[in-house]
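Chemist: Chains A and B supply the protein sequences, listed in that same order. FYI, in the numbering used here the residues of the first sequence are 1 to 257. FYI, in the numbering used here the residues of the second sequence are 1 to 305.
No lab work stands behind these hints, which were simulated from the structure alone. A hint or two may mislead.
What the hints assert, rightly or not - Partner residues are not named here, just some residues of chain A that face chain B (Cβ under 7 Å, in silico): (1) S69; (2) S70; (3) N71; (4) E75; (5) H78; (6) A84; (7) V87; (8) N151; (9) H153; (10) S156; (11) A161; (12) V190; (13) H191; (14) P192; (15) W193.
To be verified - Non-contacting residues of chain A with respect to chain B, defined by C-beta distances greater than 12 Å in every case (computed): (16) D112; (17) N123; (18) E238.
Stated by the list, open to error - With a straight-line cut-off of 25 Å between C-alpha atoms, the simulated DMTMM-like cross-links for lysine to aspartate or glutamate are: (19) B:K187 to A:E164; (20) A:K173 to B:D252; (21) A:K173 to B:E56; (22) B:K187 to A:D121; (23) A:K79 to B:E56; (24) A:K83 to B:E157; (25) B:K187 to A:E232; (26) A:K237 to B:D252; (27) A:K233 to B:D252; (28) A:K83 to B:D158; (29) A:K157 to B:D252; (30) A:K157 to A:E232; (31) B:K187 to A:E85; (32) A:K83 to B:D252; (33) B:K187 to A:E181; (34) A:K233 to B:D36.
A virtual CB, placed ideally from N, CA and C, is assigned to each residue, including glycine.
Listed below, chain by chain, are the residues.
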Amino acid sequence: MWENQYLKRLLAAPLLFLAACGTGSQPKPEAAAVQNLPAAHVDPATAGSITGRITFAGTPPAMPVIDFSSNPQCERAHKTPWKAETVVVNPNGTLSNVFVWIKDGLPPARWDAPSEPAHLDQNGCIYEPHVLGIMEGQPLEILNSDPVNHNVHAESKVNAAWNESQPPRAEHKFKRFDSAEVLFPVTCSVHPWMKSYIGVSPHPFFAVTGAEGTFTLKGVPPGTYTVEAVHEKYGRKEGKLTLEAGGKATIDFAYGS
Amino acid sequence: MEANNPYRRGLHRWSILLACCTLLLVVAGGLVTSRDAGLSVPDWPLSYGKLMPPMEGGILYEHGHRMVATTVGLFTIVSMIWILRTERRRWLRWLGVAALVAVIAQGVLGGMTVLFLLPWWISTSHACLAQLFFSTTVAIALFTSDWWLAGPETIHEDERHPIRGLSLLAPVSVLGQLALGAAARHKAIGTIFHISFSPVVTGVILWVSLRILLHYPRHRELRRGAVTLLGITFCQVFLGIAAYMTRIAYADAVQPMPLMVTFTVIHVAVGALTMAASVALAILVRRNVPAISSGFAGARAVAAG
Ligand SMILES: [Cu+2]
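Same shape as in the complex, but just chain A (with noise of 0.2 Å):
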């Protein structure tokens, strides 16, 4: 809202300069390409279902309680200790806050992002979800319910990175990915303890695995795929699978601290 763009482009300058001289311009990656693309389509009579269950064996290490006395509104918006969310595990053994997704089979093809936003909201000064899936191109609304100001930093290395302030009831934030990228935080530094994931897919074959740990990417076409496991502590896990025309295949992932 307040970023000073004209600014930033003053101070840009000189460095894109001397970045220029060194390296020369780069040409921007794929967009364009996936822009060529031709549409997805898929068959409803012939797509299936991708299922899953993400497990943990092991004991889950303890989560620290978050000390929110640096800011007394957050900590008057906790009632009870609240734990930090690195890993949940959940009472039946799974794990929670996984993001599952294809990563590799899906023939080339531009999808389209569904035009209703995804959410993203800061409230008793912690990110709702703590880990967020979104299509490419799909807009992402940020919410702050707090009394408090928050600022958003979008901590993306393949996407442009961006920093903005939200003050309480400020217009929400509109945002957008516009290239794939699975798993970067987005945190803030009033806060320091305020952080989550956005997982960006470039198709609509994503999940993240809440209080049952479980997984389903519905509508899927047939074919061969690798389906990936993410996790923001215990990194990336992945199997492949054959889904049949109409089919359903089912793929777990194991934990373990």
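Use these hints to put chain B with the ligand onto chain A, whose structure you have.
Modeler: Okay, now just chain B with the ligand, sitting in the frame of chain A:
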């Protein structure tokens, strides 16, 4: 030249005040990094579009840093004007101007690091320039003191234990160590480089200080300078160990832990003091131990002739 430059108590006291405020500014800047508050105010030079944003959470540290910095900037302007109006020493007039240029450059680097989302090389430059600026303010306080104006108390360089060249090695290696520390803090390199280099810097400081204490023991200023540098370095090594231990202990923390922040920030501030003390000692050595150039120059001239 220096003898006919009168001592100005006001300017000297002002210079001391500026150096003290700058040390405070180094602490404020160190707190921003240690509290992860560097991006809590996304805009610059205004904060949340205002001169005075609500001082909550990380904004307290980031905006507080900006406020102390503005004060130091204004004080530096006053210093420069004061020096330009009253000083006869040309090099000190230039140093006054250089200080102002440095503090302005420092402000711009600080703004850039916010607008470009803390790229490591801008943040590290900001940290290093901070150290150089603090040493400059300490040097100005030294140059405006009455005992400086009273003139040097020269002592011959012991040819078997030369000190003039060696005295420069201390500030250079301390600056290198500060740069490694800053680069580690801004995640450009691992802490291992800062840790591995610490015996080297400590060794250089020991070498310089002990050479003075052993071979120039009767010179009061040099002796004091060496003891001060040794004392500060001694504290700094232990603070560094403490800062590193808290960092390891809180490796899994999801927010900056107070004990880690405290040790790290004190380590940064005492780092600034180490730098300033090594610079001051080098200045004292170069002033009180004149180069044996006259003899050499004469010898060379004869040889050449
Ligand atoms: Cu926040």
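Chemist: Please go over all the hints and tell whether each is borne out by the structure.
Modeler: Status of each hint after checking the structure:
no.	hint	in the structure
1	S69	10 Å, violated
2	S70	5 Å, holds
3	N71	4 Å, holds
4	E75	11 Å, violated
5	H78	14 Å, violated
6	A84	4 Å, holds
7	V87	10 Å, violated
8	N151	5 Å, holds
9	H153	5 Å, holds
10	S156	11 Å, violated
11	A161	5 Å, holds
12	V190	4 Å, holds
13	H191	5 Å, holds
14	P192	4 Å, holds
15	W193	4 Å, holds
16	D112	31 Å, holds
17	N123	16 Å, holds
18	E238	26 Å, holds
19	B:K187 to A:E164	22 Å, holds
20	A:K173 to B:D252	32 Å, violated
21	A:K173 to B:E56	21 Å, holds
22	B:K187 to A:D121	29 Å, violated
23	A:K79 to B:E56	20 Å, holds
24	A:K83 to B:E157	65 Å, violated
25	B:K187 to A:E232	19 Å, holds
26	A:K237 to B:D252	22 Å, holds
27	A:K233 to B:D252	11 Å, holds
28	A:K83 to B:D158	65 Å, violated
29	A:K157 to B:D252	24 Å, holds
30	A:K157 to A:E232	16 Å, holds
31	B:K187 to A:E85	24 Å, holds
32	A:K83 to B:D252	13 Å, holds
33	B:K187 to A:E181	22 Å, holds
34	A:K233 to B:D36	20 Å, holds
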